[in-house]
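S.K.: Protein chains in written order, with the numbering used here: chain P, 1 to 673; chain W, 1 to 673.
Calculated from the structure, these hints are not laboratory results. Do not take every clue at face value.
Here are the simulated DSS-like cross-link-like pairs (lysine-lysine), alpha carbons at most 27 Å apart as the crow flies [to be verified]:
1. W:Lys104 with P:Lys351
2. P:Lys182 with P:Lys113
3. W:Lys664 with P:Lys165
4. P:Lys108 with P:Lys152
5. W:Lys174 with W:Lys108
6. W:Lys229 with W:Lys305
7. W:Lys194 with P:Lys194
8. P:Lys108 with W:Lys426
9. P:Lys113 with W:Lys351
10. P:Lys351 with W:Lys113
11. W:Lys559 with W:Lys426
12. P:Lys262 with P:Lys152
If you anchor each label on the Cβ, the simulated ranges turn out as follows [as the list claims (entries may be wrong)]:
13. W:Gln141 with P:Gly341: 26 to 36 Å
14. W:Ile75 with P:Gln622: 21 to 31 Å
15. P:Gly163 with W:Ser525: 32 to 42 Å
A quick note: this is a predicted structure, and the numbers were derived from the prediction, not measured. Backbone N, C-alpha and C define an ideal beta-carbon position, used for all residues, glycine too.
Number of protein chains: 2
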Amino acid sequence: MKRDPSNEKKPLKQVIIENVSPEIDAGRFPVKRVVGEKVTVLADIFTDGHDSISAVLMHRKKEAAEWEETPLALIVNDRWQASFDITEMGEYVYSLCAWVDAFKTWHKELIAKVSAEQDVGVELLMGADLIEAAAERARDQGGQEADAGWLKERADFLRSDAGQKQRIAAAVEKTVRFFMGKYPDLHAATYYEKELVIVADRKKALFSSWYEMFPRSCAEGDTDHGTFKDCEKRLPYVAAMGFDILYLPPIHPIGQVHRKGKNNTPTAAPEDPGSPWAIGSVEGGHKAVHPRLGSLDDFKHFIAKAEEYGIEVAIDIAFQCAPDHPYVREHPEWFRHRPDGSIQYAENPPKKYEDIYPLDFESGQAWHLATELHDVVLFWIQQGVKIFRVDNPHTKPFAFWEWLIHNVKTDYPEVIFLSEAFARPKTMYRLAKLGFTQSYTYFTWRNTGYEIKKYFTELTRTRIREFFRPNLWPNTPDILPEYLQMGGRPSFIIRLVLAATLGASYGIYGPAFELCENQPIVPGSEEYLDSEKYEIRTWDRSAKHSLSPLIARVNQVRKDNSALHNTRSLTFHDVDNEQILCYSKHNEDMSSIILVVVNLDPHHTHGGWINFPLSELNIDAQHPFQMHDLLSDARFLWHGNRNFVELDPGIMPAHIFAVRKKIKTEENFDYYL
Amino acid sequence: MKRDPSNEKKPLKQVIIENVSPEIDAGRFPVKRVVGEKVTVLADIFTDGHDSISAVLMHRKKEAAEWEETPLALIVNDRWQASFDITEMGEYVYSLCAWVDAFKTWHKELIAKVSAEQDVGVELLMGADLIEAAAERARDQGGQEADAGWLKERADFLRSDAGQKQRIAAAVEKTVRFFMGKYPDLHAATYYEKELVIVADRKKALFSSWYEMFPRSCAEGDTDHGTFKDCEKRLPYVAAMGFDILYLPPIHPIGQVHRKGKNNTPTAAPEDPGSPWAIGSVEGGHKAVHPRLGSLDDFKHFIAKAEEYGIEVAIDIAFQCAPDHPYVREHPEWFRHRPDGSIQYAENPPKKYEDIYPLDFESGQAWHLATELHDVVLFWIQQGVKIFRVDNPHTKPFAFWEWLIHNVKTDYPEVIFLSEAFARPKTMYRLAKLGFTQSYTYFTWRNTGYEIKKYFTELTRTRIREFFRPNLWPNTPDILPEYLQMGGRPSFIIRLVLAATLGASYGIYGPAFELCENQPIVPGSEEYLDSEKYEIRTWDRSAKHSLSPLIARVNQVRKDNSALHNTRSLTFHDVDNEQILCYSKHNEDMSSIILVVVNLDPHHTHGGWINFPLSELNIDAQHPFQMHDLLSDARFLWHGNRNFVELDPGIMPAHIFAVRKKIKTEENFDYYL
């Protein structure tokens, strides 16, 4: 830019807008919100010298023609803030505009001079010039003749020979400020160079309770292959526990070739059903239903029935094929071929997974493949599925997911994609950035207080919270964590309460979870013994030790308390015993506050002093307040910041307290008044 | 991007490059380095699946045609790193390229399979295909026939009927990897979307010692008006103290109209010289020299003389005018006019500064004004000045400075601009980002250990260090901090040692500083009594209490120890007495380590145990090491991480230790060997 004469047209003095938040990777990725949430935008806004600044936050639905404007307010240290509400699904865009406000500067300086009893004769003439210029802008905008006339009159009065006191009063009148704000001088205004995008989902994208269940294990009989009809009979059970999403592992035909037997043995017995993730056989592929589960119509009936119970059915998207999947025959170009003519099976050398053929996204046909997979998703949307749990998305290209999810959500903004990527952190976050609605997390392996605090602080207190929505699973069909293997029933309760209250979204794989199934295939392994992945299991759902009544209560507490409908308010509190974890959450207006206290040791009773900073929660430290344990229904009177808690894991290892700020005293009695 | 058919040309599977460091505001601003420094670039680089990745850092001088490439190495958690050296002044650019490396993946998997004693017959054929493809790339590049031939031969051998063991050995040979690295398959490579810029300055931009002096106070006689000739006689004094930059307040004619008298009184007596910052009179403006200082030739002679002493002369750029500055008459359009026809003077209502007219950067003539100011800087460069201290840059537009500094440094990369912006943090950092070489800091008011640690951690351990080079001043003609007013001579020593060792660049305003001048104009003010800004002062430079010998020693220590030539290695160490501040610095290869211990209390003796983490500094905790106090020349034997220090401010409130890792023992005696 050496002495570029074109520079001479740009105003030199402008306002700087920088360090805008939220903004993901310089605007490369959208921010996520759900309907009903607020977007609070912050930015550093400043200029040279001592001039006053005005600034507005601009936002609109992407397809809208006009911006809505909200004035930004200065917080501190050149940091400005404004908010707007998300009211619809779809995409929003926002940006900022700021300008040097000569009238504001003049107004501030006039007041200072008047207070110092200086003569302001010349200043009033300067003000008249500024007001008259605004009158011209009002006129130029057309149809604002009345405003323009009012302003012109005021300018004339400031120039008149009326007394200085009267003219000062006329200059600082509120109406003048109102009209000057209505017709600002934007000739040198700074428009932030980016339009930032928000993807607005429905509320369930943020707050959801998932239950994973193998439909083939739903039959009443001993080891019969369950059907969608059987699944319908399980709906009351799932609904009674309070789940709102019922997620089924793949429902497609299962490959015969290299099918795995019970406990993942290399060869299957004739009656072995195989892993549902080995998708495709002569009976069909990703758009077919396993014949033993029923027909496509049965599936659609099941979805409709679930809806009656307030439950949405989620299915599994696992883009991989059994060797006998129709794609292998019909589209060999979608697979990698080895020099000996065979198709490349999945491997993690020296381990071989000969029952799975990965799809090849590096061939010249990769975009045709991508188009077909996109069609698979559309097919299931057309059958009524709006929620997809995506298996191993980190083994398919990032660009593929970004394209697919963006395409789908443009037409179906209500669709939810859950990323099942137990991968390295950068990969997991990238998948969330490029569009996955929710994501599996490392919660499954975070057991100690230190680990939980560190990880959830990263998820909820850094920029990651703008795009990554955690979904917390204490177990999955692939993962029986060591903590559950060794901690008995109390460990299941502990992990349930943590998942359901740390996360706005969580899920369990049942009935293994509620029945406290905890036998690994071999010691030191996280694989279940007699895993449902390879065989049909029968479950005694009415067993006495079942956690289902407790799960029902926990889910009811989640529904009733809006404090638990978000993750961004999560705050940890100090306890003088590291075996006790304490944290709170609240809703936007603090009308719902939940304090959770968990004894992380499933074997021993622990007590500790909790430090609960009342002032941050608008609780009066001078008066007692009531803690209502929503698990036991017990009520405690607490006072001040420090209070004692003791938890016996054999009875109940957790409290979920609703904080009631106001408790009744004699002042509430009629007699007293 | 709905089903855009053009997508079908893009490879779906690509490597992601993100979170590149250093990178300022998504590449909007350059990173700063000096010749001799390293640039260490870090980035998150990853892809889907389990494929191996290769990546290179690309850099070049901006004007060079070809990139130089350095392979990036994986550190941990998908974070990669590479470095290059800055060898010349000017602009460098850098970027990154990464790709899925099929050969690397194949090589890794082959080794795993061979180790598991699997048959790899097909794998060797796959390897042959990869190697043959590289042979073709070598051929396509032209002139690489020999390499192509070698590779083709190797591919043929892998396909031959030689024994599998021999073929494996031939496949994993180092030469194969070398050639495969030389001809990578880049068809789906990711090129980082930005070319990031580095401004490379000379070393003095980072490491410099400034001395500020009023030339008019340099005469031998009592209150004579000093001249440049007199200044020449002061050079030995400044040089003996070890300063390498001598900075003069404005040397231009001083306005007569509304000239300020002694101690900033509103009216000047006839003999009052006025403030040098009220620039311009009938005698000339920003390109003229004050006649009482001498001629322009005298000034150039002075510059040349200073050079003989290893001193560079810096002048002040203060873009503002006295009412009688020639610009006011010749270019009234560069000033703001009030409705009564008068020109707007500077004000901070209700305060008025009628002796100063600010320049108006909001008029239609602002770019003509900017061009003239640019000419002012070029004029002084042509007289031999290469260092400018810029007065109040935060009251002129940011875009103006960015344009001016960029223009100047394109032709004169050796020029240094010091930003004197004691403004809010965002403004100070913005000025640094847009081009200022060095910046004044809040050091002047950071006195307690907590304050110093917090502020210098922000400056040296965050991204701010990539663009903001602090220059630390314990005093200026405008600021006599309260700490110096109240702490006596020890407080001056404390602030000297802190400035000279916390900062790679620092400066003092003398002789007020070395003579421990500490009288404010009124209690509670930071203005000097009888400030040199408004009158000529005589100084007893040979006074017994002068700190000049100590300053000379401190500057010698700075020169001799390269640990002190940077700020980015600054590390604070715990001390169990908060009145004692302890920190270390080191050079790149740890051959120079300095540990500074300062008693921040100028009134009382303090002692404390220092925790000095030896392992981070490659010091063997098992053996004693020697601490050589470069101020007192005393030597101490220390051992282990914890050592005791006591400092009496009446004797010397600081140690500047050179850490000598190896001390002699009996093993160094001939007899012992």
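S.K.: Compare the structure with each hint and give your call.
M.R.: Outcome of the hint check:
With a C-alpha separation of about 18 Å, the suggested pair Lys104 of chain W and Lys351 of chain P falls inside the 27 Å cut-off, and the hint holds. A C-alpha spacing of about 26 Å is found between Lys182 of chain P and Lys113 of chain P, which places the hinted pair at or below 27 Å, so the restraint holds. Between Lys664 of chain W and Lys165 of chain P, the direct Cα distance comes to roughly 86 Å. Violation of the 27 Å bound is thereby established for this hinted pair. At roughly 21 Å between alpha-carbon atoms, Lys108 of chain P and Lys152 of chain P fall within 27 Å of each other, so this suggested pair holds.
In summary, the hint linking Lys174 of chain W to Lys108 of chain W is supported, as the alpha carbons are separated by about 13 Å, within the 27 Å threshold. Only pairs whose Cα atoms come within 27 Å are accepted, and Lys229 of chain W paired with Lys305 of chain W is accepted, the gap being roughly 10 Å. A threshold of 27 Å between alpha carbons decides the hint, and for Lys194 of chain W with Lys194 of chain P the separation of about 17 Å falls inside it, so the pair holds. Restraint check for Lys108 of chain P and Lys426 of chain W: the C-alpha separation of about 23 Å stays at or below 27 Å, so the hint holds.
Of the supplied pair hints, the one linking Lys113 of chain P and Lys351 of chain W holds, its CA atoms being roughly 9 Å apart against a limit of 27 Å. For the hint linking Lys351 of chain P to Lys113 of chain W, the alpha-carbon distance of about 9 Å falls within 27 Å, and the restraint holds. With a CA separation close to 33 Å, the supplied pair Lys559 of chain W and Lys426 of chain W exceeds the 27 Å bound. The straight-line distance between the Cα atoms of Lys262 of chain P and Lys152 of chain P is roughly 88 Å, outside the 27 Å bound, and the hint therefore fails.
With their beta carbons about 32 Å apart, Gln141 of chain W and Gly341 of chain P fall inside the hinted range of 26 to 36 Å. For the pair Ile75 of chain W and Gln622 of chain P, the supplied restraint of 21 to 31 Å is violated, since their beta-carbon distance comes to about 53 Å. Under the hint 32 to 42 Å, the C-beta atoms of Gly163 of chain P and Ser525 of chain W, about 39 Å apart, fit the expected range.
When held up to the earlier numbered hints, the structure conflicts with 3, 11, 12 and 14 and fits the remainder.
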